[in-house]
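Novice: Residue numbers 5 to 140, in this note's numbering, belong to the letters of the sequence shown in order.
What the hints contain is simulated information worked out from the structure, not anything from laboratory work.
Quick reminder that beta carbons are idealized off the backbone N, C-alpha and C, glycines included.
Incorrect hints may appear among the rest.
What the hints assert, rightly or not - Derived lysine-lysine pairs resembling BS3-like cross-links, with alpha carbons at most 25 Å apart:
(1) K120 - K76
(2) K128 - K76
(3) K76 - K122
What the hints assert, rightly or not - Distance ranges between label pairs, derived from CB positions:
(4) K37 - G126: 37 to 45 Å
(5) I137 - S31: 26 to 34 Å
(6) Q53 - G126: 25 to 33 Å
(7) I57 - E79: 20 to 28 Å
(8) S36 - S112: 16 to 24 Å
(9) N86 - T9: 38 to 46 Å
(10) T9 - H69: 26 to 34 Å
(11) I39 - S112: 30 to 38 Å
(12) V80 - D55: 44 to 52 Å
(13) K37 - S133: 34 to 42 Å
(14) E33 - S75: 19 to 27 Å
(15) E79 - I104: 30 to 38 Å
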Amino acid sequence: MSELTRFGVSLEKDLLDKFDEHIKKQSYETRSKAISDLIKEHIEADIIQSDGILAGAVTFLYSHHNKDLVSKLLEVQHETHNLIVSMQHIHLDHDTCLEILAVRGESSQVRDLYYKIKALKGVKLASISATSISDL
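The whole structure should be built from the sequences, with the hints applied where relevant.
Specialist: Here it is in structure tokens:
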């Protein structure tokens with residue numbers, strides 16, 4: 005485990021009260037843990053822009069009735085099969101599907117896969133959650 009360092013932070017009382025209320029709803033036991041998680045999230049927010057090996061999930065929504073889109077999604081996934089560890093397909097309702105791709109690979113390749121899927125006409129929403137595994 006890394007060495008712990010203590011530091012002081014000055015905040016407006018109203019902001020701290022809102023923060024305490026917010027972290028209580030999320031079941032945090034200490035401010036330190038909540039602040040640590042916020043810092044990690046902030047650092048990881050742009051992780052797909054960095055170099056190295058990433059692992060994570062690409063998630064997207066689309067209508068399965070759009071056969072051209074379904075074909076393009078399959079094509080993109082087959083072109084990048086080396087990055088896709090696993091895929092889950094979920095029928096949310098009669099029209100809408102949710103797919104979750106577990107991915108692992110060079111950040112530039114994972115980023116390209118995400119951008120290709122996100123840019124396809126008919127993809128309603130796409131997101132990525134990833135973390136660096138280069139240092140593991």
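Novice: Now tell me if each hint is right for this structure.
Specialist: The hints, checked one at a time:
Distance check on the hinted pair: K120 and K76 sit about 10 Å apart at the alpha-carbon level, within 25 Å; holds. Taken as a hint, the K128 and K76 pair is honoured in the structure, with Cα atoms around 14 Å apart against an allowance of 25 Å. Under the criterion of a C-alpha separation no larger than 25 Å, the hint pairing K76 with K122 is consistent with the structure, at around 12 Å. At about 41 Å, the CB distance of K37 to G126 agrees with the hint of 37 to 45 Å.
Look at I137 against S31: about 27 Å separates their beta carbons, and that is inside 26 to 34 Å. The hinted range of 25 to 33 Å is satisfied by Q53 and G126, whose Cβ atoms lie roughly 26 Å apart. Take I57 and E79: their Cβ atoms lie about 25 Å apart, and the range 20 to 28 Å holds. Between S36 and S112 the C-beta distance comes to about 35 Å, which lies outside the given range of 16 to 24 Å.
At roughly 40 Å, the beta-carbon separation of N86 and T9 lies within the given 38 to 46 Å, and the hint holds. Taken as a hint, the range 26 to 34 Å is violated for the pair T9 and H69, whose Cβ atoms sit roughly 55 Å apart. Separated by about 31 Å at the C-beta atoms, I39 and S112 satisfy the suggested range of 30 to 38 Å. Against the hinted window of 44 to 52 Å, the Cβ-Cβ separation of V80 and D55 comes to about 23 Å, which falls outside the hint.
Range check, K37 to S133: Cβ separation about 20 Å, and the 34 to 42 Å hint is violated. A hinted range of 19 to 27 Å is violated for the C-beta pair E33 and S75, which are about 49 Å apart. The supplied range of 30 to 38 Å is broken by E79 and I104, whose beta-carbon atoms lie about 19 Å from each other.
Of the hints listed earlier, those the structure fails to meet are numbers 8, 10, 12, 13, 14, 15, in rising order.
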